[in-house]
Structure formats: C-alpha cells, structure tokens
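*Asks:* Sequence:
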Amino acid sequence: MVDTISASGLIEAQPEDAGISSQRLENLSRKIQEHIDAGAFPGAITAVARRGEVVHFRTYGSMDDEAGKPMAPDTIFRIYSMTKPIVSLALMQLYEEGRFQLDDPASKYIPQFRDLKVFAGGTADSYEVREPEREMTVRDLLMHTSGLASGRFGARATTPVHELYSRAGIQGIGTKGTLADLVEKLAKLPLAADPGTAWIYGQSTDVVGYLCEVLSGQPLDRFLQERILGPLGMADTHFYLPAAKLPRLAANYTFRDDGPGYRLLDAPATSEFANTSNTYFSGVGGLLSTAPDYLRFVKMLANGGELDGTRIIGPRTLELMTLNHIATGEIRTASPSITWLDGQGFGLGFAVLLDPVAAAIIGTPGEFHWSGAASTHFFISPADELAVVFMTQFMGSGPPTAIGRDLRVAVYQALTD
Numbered sequence: 001m002v003d004t005i006s007a008s009g010l011i012e013a014q015p016e017d018a019g020i021s022s023q024r025l026e027n028l029s030r031k032i033q034e035h036i037d038a039g040a041f042p043g044a045i046t047a048v049a050r051r052g053e054v055v056h057f058r059t060y061g062s063m064d065d066e067a068g069k070p071m072a073p074d075t076i077f078r079i080y081s082m083t084k085p086i087v088s089l090a091l092m093q094l095y096e097e098g099r100f101q102l103d104d105p106a107s108k109y110i111p112q113f114r115d116l117k118v119f120a121g122g123t124a125d126s127y128e129v130r131e132p133e134r135e136m137t138v139r140d141l142l143m144h145t146s147g148l149a150s151g152r153f154g155a156r157a158t159t160p161v162h163e164l165y166s167r168a169g170i171q172g173i174g175t176k177g178t179l180a181d182l183v184e185k186l187a188k189l190p191l192a193a194d195p196g197t198a199w200i201y202g203q204s205t206d207v208v209g210y211l212c213e214v215l216s217g218q219p220l221d222r223f224l225q226e227r228i229l230g231p232l233g234m235a236d237t238h239f240y241l242p243a244a245k246l247p248r249l250a251a252n253y254t255f256r257d258d259g260p261g262y263r264l265l266d267a268p269a270t271s272e273f274a275n276t277s278n279t280y281f282s283g284v285g286g287l288l289s290t291a292p293d294y295l296r297f298v299k300m301l302a303n304g305g306e307l308d309g310t311r312i313i314g315p316r317t318l319e320l321m322t323l324n325h326i327a328t329g330e331i332r333t334a335s336p337s338i339t340w341l342d343g344q345g346f347g348l349g350f351a352v353l354l355d356p357v358a359a360a361i362i363g364t365p366g367e368f369h370w371s372g373a374a375s376t377h378f379f380i381s382p383a384d385e386l387a388v389v390f391m392t393q394f395m396g397s398g399p400p401t402a403i404g405r406d407l408r409v410a411v412y413q414a415l416t417d
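If you count by my numbering, then the sequence shown holds residues 1 to 417, one letter each, in order.
Everything labelled a hint here was simulated from the structure, so no lab data went into it.
Quantities reported herein were computed from a predicted structural model and do not represent experimental measurements.
Just so it is clear, CB atoms sit at the ideal spot from N, CA and C, and this is done for glycine as well.
Computed cross-link-like contacts, BS3-like style, restricted to lysine-lysine with a CA-CA straight-line distance of at most 30 Å:
hint : residue 1 : residue 2
1    : LYS117    : LYS176
2    : LYS117    : LYS185
3    : LYS31     : LYS69
Just the calculated beta-carbon pair ranges, DEER-fashion:
hint : residue 1 : residue 2 : range
4    : LYS188    : GLN33     : 49 to 55 Å
5    : GLY261    : ALA235    : 31 to 37 Å
6    : ALA327    : LYS188    : 28 to 34 Å
7    : PRO315    : LYS117    : 37 to 43 Å
Could you put the whole structure together from the sequences, leaning on the hints where they help?
*Replies:* Following this line, the structure appears as structure tokens:
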C-alpha cells in the first residue's frame, strides 16, 4: 500500500502548479511499489520538489520488518555517500572565504602529505614506491583523483594498496579514532596512482572533512552543524544518532544468501551509527538523515545555494562545483564498485550529466546527482528547477541501486513544460 502524506504538511504545492502532471507522476509510485511487491527492498520514500516547492512526498512499505514498523515520513536513514556532497560543499564555503585555492597542494594544509609516494609494484609485504608525477591538490581530493585508495568498500579489490589500507584499519565508515588519526595513517602508505590520473572512489572525502577541520579550527560535526545543518533546519541529520531518536532509525538489509529476497544486515538497536561515543566523523559516508532533511539540502542546491532567505553557498561557487572537471577520455574509473557511465562527468562532489544520448537516459544536461551505499539517491536539474530524493535501506547491487534510472524516467516524463 502506498501512503500519501500530504496531510503532514510536507506537500507545499500541487504538481500541476509546478508544471508536473499528477496523473503521470503516479508512474513513480507504481514503479517503487512494484519493486517492494517483488521483494527487492522493504520500504522507501520518494520526494519531488519543483520551483522551490514540494509537490510529491510518499512513503512505501516498511522501515523495519522485524519490528513491524511501517515506513514513516520522519524515518532516519544511513545516507552513506550522500554525505559527500554535504562535506564537499562545506569545504567550498571555506574556499569562498579565501582559505585556499583549488590548485593548492594538499600538503600546504596537511604537512604529513609532503612526501607521499606512489605504489610501483610488489606485494603488501614487500613493495616498491616512486615519486608522484605531481603533488595531490585540494581539487584532486574533491574530485576523487587524489591517488588515495578505497577503504572498506574498495577493499573488495585484491590489490596490495587495498590490503595495506585494510591492515592499517582504514575502512571508511567505522574507522576508529579521528580524521587526524586517519591522515597519520595515510601519510605512511603509498598512493594507488599518480594524482590526477585515475578516478578512484575512496578515502578522499574523509580528507576533505579533515581539511574542513584544519581550516575552520572546528571538529567536522560542529562545523557542519553551524554552517549547513543548522542554517537549513536539518535537525535530524547526525553522524551518530542520539538515543531518543533511535526508534526512528530504519533497519538496513541486503541480499539473502540462500535465494531471492533480502535479510537483515544492520538492526537499529545494535547499529554502529547509534554509538554516540564514536569520534570518527566520516566525510566518505558517515551521516544519517531523513527524507525531509535531505530534501531541504537539495532544494537549496536547486535554488542556486539559498533556501528560505538563508544563503549557504554562492551561486557561482555552486556552478563551479557542478561543472565537469574530468577531461573527456582522460580519466577513467579505477574503482571496482563504480561503473562510470558514458555521457557523465564529475565535478567537486557531484556526478554531472553531460549528454543524455550518450548516457542512454532521460535527463537535462547540467543535472547533478549522487547515491549512497544503502541505495539512497538524489538528483537535481537546475534548468528544470527540479530536485528529487529517494530513500531506502538496502546494501548490494540490483534493482535498489539502479533505482536512479527508474526515478529519472518516472519524474522527467511527468514534466509538462
């Protein structure tokens, strides 16, 4: 059953008032419900805003099968890599203050990185290194072209550098200690590639978070709260969940080992995300959020960096972030879990749609987007004044992680102007 929750006050306008057909938008709800009925994932939320107003917000299915809880509008989700755009934006706020330039060497602010070397061959037990072709820059960190390897998720690749990361306890979310401790570990390990030569989806955004700490003089959680989360009214977005909000945390699921369907992966009561004693604030993927909270973030982005009279980032800065910074054909992905699509590029914290024909997907050039490991997703089309958020909790490839394509078809086809 699909539950329309316009009575909650989240709906701000009727679809037709924003140039969207209500009838055609039902394709979105139908498609999500089909996935749930087929057992692809237990529940979800879809939200659509156009021209600054929410025109669609629906809940589907369950947030916790074991507890028998239906999906609620204020359900809290592990957004994993949808943390990256928030932390990247935070660093660019400091760019606007003149704290750094994008082509500055990262070592200017992180002295431990001055003598980084590149892996040149061998095994994790016995390897050779060489000098990099050039130093890592701040922009490399924002673009995932720093040469740093992956943490936990990238460790599926059996390379010596990934093995060295694993031995050092570098695993992205769940890493112990602090971001400063991470930097000390990274400084002792080789780079996986020369900076600027490979798009490696990995540890870079944790270092972006550390740069926020160094340049602001504040822990990352406090900096985000003061600069982005508080000003936008994102009261339910946290690195670690306060005990009073634990009943609202969704369960996280993955594929069954013995056949179709899904099984419990991370129960709310025992989730690492509920451990408020943790001190590792992962820019790679540490945040929790709700659909209404994240919708405020994407509405701000769709509105050129401002929401309800509060400016978070300058429009020209945001435009720079959402341009493609990867030269066509120059850099290809070196990340085992990422399939880089033709017709797309990458900016400073976001993937960017360049050519819908090459990408074989409906969309508007200039659209930017990203996803989270538990199948959360968002996309924004500035030209269409459109922002879309999808929330669920399912780890693993398949229909949930491919949902972004279904979302685009269902939303774009409903536009009437």
